[in-house]
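Given the sequences, and given the hints that come with them, work out the whole structure.
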Amino acid sequence: MSIKQISVFLENKPGRLQRMTSVLAAHKIDLRALSLAETKDFGIARIIVSDVMDAVTVLKDADFIASLTPVLAVEIPDETGGLDKLLKIFAEAGVNIEYMYAFLGKSDGNAYMIFRISDTKNAEAKLTAHGLKMLTQEDIESL
Amino acid sequence: MERYYQPDIECASRETIKAIQDEKLIKQVKHVWDNVPYYRKKMEEKGVTPQDIQSSDDLYKLPFLSKADLRKAYPYGLVGTSLDNCVRIQSTSGTTGKRVVAFYTQDDIDLWEDCCARAITAAGGTNEDVCQISYGYGLFTGGPGLNGGSHKVGCLTIPTSSGNTNRQIMFIKDLNATILCCTPSYAAFLGERMKEMGYGPEDIPLKAGIFGAEAWSEEMRKDIENTLGIKAYDIYGLTELSGPGVAFECSAQDGMHINEDHFLAEIIDPETLEVLPEGSQGELVFTSLDKEAFPLLRYRTRDICTLTREKCSCGRTHIRMSKPKGRSDDMLIVRGVNVFPSQIETVLLNQGYPANYQIVVGRVNNTDTLDVQVEMTPEMFTDNVGEIEDRQKELVNALKSMLGIKAKVSLVAPKTIARSEGKAVRVIDNRKI
Numbered sequence: 023m024s025i026k027q028i029s030v031f032l033e034n035k036p037g038r039l040q041r042m043t044s045v046l047a048a049h050k051i052d053l054r055a056l057s058l059a060e061t062k063d064f065g066i067a068r069i070i071v072s073d074v075m076d077a078v079t080v081l082k083d084a085d086f087i088a089s090l091t092p093v094l095a096v097e098i099p100d101e102t103g104g105l106d107k108l109l110k111i112f113a114e115a116g117v118n119i120e121y122m123y124a125f126l127g128k129s130d131g132n133a134y135m136i137f138r139i140s141d142t143k144n145a146e147a148k149l150t151a152h153g154l155k156m157l158t159q160e161d162i163e164s165l
Numbered sequence: 096m097e098r099y100y101q102p103d104i105e106c107a108s109r110e111t112i113k114a115i116q117d118e119k120l121i122k123q124v125k126h127v128w129d130n131v132p133y134y135r136k137k138m139e140e141k142g143v144t145p146q147d148i149q150s151s152d153d154l155y156k157l158p159f160l161s162k163a164d165l166r167k168a169y170p171y172g173l174v175g176t177s178l179d180n181c182v183r184i185q186s187t188s189g190t191t192g193k194r195v196v197a198f199y200t201q202d203d204i205d206l207w208e209d210c211c212a213r214a215i216t217a218a219g220g221t222n223e224d225v226c227q228i229s230y231g232y233g234l235f236t237g238g239p240g241l242n243g244g245s246h247k248v249g250c251l252t253i254p255t256s257s258g259n260t261n262r263q264i265m266f267i268k269d270l271n272a273t274i275l276c277c278t279p280s281y282a283a284f285l286g287e288r289m290k291e292m293g294y295g296p297e298d299i300p301l302k303a304g305i306f307g308a309e310a311w312s313e314e315m316r317k318d319i320e321n322t323l324g325i326k327a328y329d330i331y332g333l334t335e336l337s338g339p340g341v342a343f344e345c346s347a348q349d350g351m352h353i354n355e356d357h358f359l360a361e362i363i364d365p366e367t368l369e370v371l372p373e374g375s376q377g378e379l380v381f382t383s384l385d386k387e388a389f390p391l392l393r394y395r396t397r398d399i400c401t402l403t404r405e406k407c408s409c410g411r412t413h414i415r416m417s418k419p420k421g422r423s424d425d426m427l428i429v430r431g432v433n434v435f436p437s438q439i440e441t442v443l444l445n446q447g448y449p450a451n452y453q454i455v456v457g458r459v460n461n462t463d464t465l466d467v468q469v470e471m472t473p474e475m476f477t478d479n480v481g482e483i484e485d486r487q488k489e490l491v492n493a494l495k496s497m498l499g500i501k502a503k504v505s506l507v508a509p510k511t512i513a514r515s516e517g518k519a520v521r522v523i524d525n526r527k528i
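First to last, the protein sequences are chains Z and F. Numbered continuously in this note's numbering, the first sequence closes out at residue 165. Numbered continuously in this note's numbering, the second sequence closes out at residue 528.
If you're looking for bench data, these hints aren't it; they were derived computationally from the structure. Accuracy of the hints is not assured; some may be wrong.
[To be verified] Per label pair, the in silico range of CB-to-CB distance:
id: 1; chain 1: F; residue 1: Glu-474; chain 2: Z; residue 2: Lys-107; range: 32 to 42 angstroms
id: 2; chain 1: F; residue 1: Glu-474; chain 2: Z; residue 2: Ala-124; range: 28 to 38 angstroms
id: 3; chain 1: Z; residue 1: Glu-60; chain 2: F; residue 2: Glu-223; range: 51 to 61 angstroms
id: 4; chain 1: F; residue 1: His-246; chain 2: Z; residue 2: Glu-60; range: 34 to 44 angstroms
id: 5; chain 1: F; residue 1: Lys-501; chain 2: Z; residue 2: Gly-153; range: 53 to 63 angstroms
id: 6; chain 1: Z; residue 1: Glu-60; chain 2: F; residue 2: Arg-288; range: 45 to 55 angstroms
id: 7; chain 1: Z; residue 1: Leu-105; chain 2: F; residue 2: Val-480; range: 18 to 28 angstroms
Bear in mind that the values here come from a model prediction, so they are computed numbers and not experimental data. Each residue gets a CB set at the ideal place from its N, CA and C atoms; glycine is no exception.
As structure tokens, this is what we get:
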């Protein structure tokens with residue numbers, strides 16, 4: 023199951039990221055994960071939030087450009103070489119990772135990573151076949 | 096069917112037009128010689144007297160007037176009649192220096208309003224139309240000129256003036272406005288706002304727009320026409336000569352007919368000041384033919400365009416001018432290259448960017464910098480940094496091939512470039528030279 027990530031356009035200027043977080047805070051939307059991709063003059067904030075639809079609406083109302091991107095939130099076995107084991111599955115299946123970042127989550131002993139993969143369905147099938155767990159949208163909401 | 100406000104003169108034969116011009120020019124030169132010492136001195140310095148002007152073929156003998164002359168003669172130096180006969184002044188926005196103040200007698204206002212009435216009729220306006228005028232009223236000529244023209248045509252006139260966008264939209268919707276007059280940038284802004292409010296072209300009663308007072312591209316025309324569901328007509332004018340309506344577009348949308356019975360046009364080489372043959376690109380020069388209060392002979396407009404007498408499909412015989420490539424006052428010289436904001440606009444619209452942009456010129460280590468700022472749109476945005484950067488590079492390349500120099504492209508957040516309600520501020524020049 024893929025989950026929905028919100029991608030937000032930000033100008034690379036002081037205070038722009040904070041303007042986004044203040045909109046989310048004002049609407050009591052929790053950030054579950056955040057990653058930034060930046061160039062010299064603009065950036066994209068990629069966020070996982072408690073309530074996706076609310077977040078997109080309030081961001082657009084505040085004149086932000088925001089779009090939804092499907093990503094996978096995969097549980098990483100909490101052991102030495104855990105991430106390596108997971109990446110090996112992707113490598114063997116020929117899955118190309120566009121970007122990835124860590125998930126803040128709540129501490130229940132498990133670690134999660136967010137993966138952006140062009141062929142989400144294929145990657146999902148491979149992970150399930152290897153018995154790896156993925157978070158659903160409902161999991162994210164109820165965290 | 097094409098309609099004309101004054102068909103006898105708008106569709107007169109070239110011979111008739113020439114005869115009218117010859118007769119009026121002789122009178123206008125005599126009027127200036129007798130009543131405007133500032134210009135008479137210029138003529139004397141050139142060794143020209145009214146006797147040397149026997150027809151419009153002798154026009155080249157007369158000295159030029161420039162904006163600098165208007166500033167020098169401010170405020171009364173070029174007024175050609177006693178102030179007792181004057182009933183109004185209008186003034187330029189002063190965007191390019193000191194304001195110009197122009198004077199009008201009642202007859203001057205009448206001929207100006209006739210010109211505007213011709214423009215409204217050419218855009219399809221009749222007494223059944225509702226004409227909303229969202230140009231500024233006051234010192235600016237846009238509002239008063241088209242207001243007068245709209246009255247002459249018999250349209251129900253809504254004098255909203257500029258600003259208060261929600262009220263503008265309310266009147267368009269509630270009173271079924273069919274013709275909108277404003278600057279093209281404000282038309283684009285109104286369209287954008289109406290789209291946001293969920294109105295498609297079919298929900299907007301407008302059928303035509305008359306847009307002028309700033310340079311705009313063909314691409315911007317198409318954009319406005321599609322958003323508002325109208326036909327957009329260009330109109331041209333200068334406060335110095337009267338105001339909007341010196342030239343206007345007809346149904347052919349292929350150049351603007353100059354009201355030649357009132358304004359005689361020439362194209363000159365701005366460097367050598369030689370008169371250029373028909374079809375050449377150069378600076379537009381105007382001579383008023385029957386103005387009383389503010390007659391101007393051979394006034395240099397700084398506008399770069401071409402003229403053609405080729406037959407027009409609308410039936411009008413008056414000479415047509417191309418859309419000015421840009422007022423040479425708007426022209427920027429960046430790293431020694433002439434850059435017109437309208438060129439940049441053409442590229443942006445061709446590449447699917449919004450018409451809202453700003454050009455920032457600066458200087459770093461004695462080299463000029465050119466930064467074109469464009470607002471990011473939801474359609475353009477993707478989650479992929481590389482794709483956005485590729486589009487940015489495409490735009491940089493397209494600008495380079497149009498301008499001949501490299502410009503930086505900055506993508507900025509939506510609604511961060513100020514919307515204009517009058518003339519748009521397109522250029523910010525931070526160079527301290």
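Now for the hints, and whether the structure bears them out:
no., hint, verdict
1, F/Glu-474 <-> Z/Lys-107: 32 to 42 angstroms, "holds (41 angstroms)"
2, F/Glu-474 <-> Z/Ala-124: 28 to 38 angstroms, "holds (32 angstroms)"
3, Z/Glu-60 <-> F/Glu-223: 51 to 61 angstroms, "holds (57 angstroms)"
4, F/His-246 <-> Z/Glu-60: 34 to 44 angstroms, "violated (57 angstroms)"
5, F/Lys-501 <-> Z/Gly-153: 53 to 63 angstroms, "holds (55 angstroms)"
6, Z/Glu-60 <-> F/Arg-288: 45 to 55 angstroms, "violated (32 angstroms)"
7, Z/Leu-105 <-> F/Val-480: 18 to 28 angstroms, "holds (23 angstroms)"
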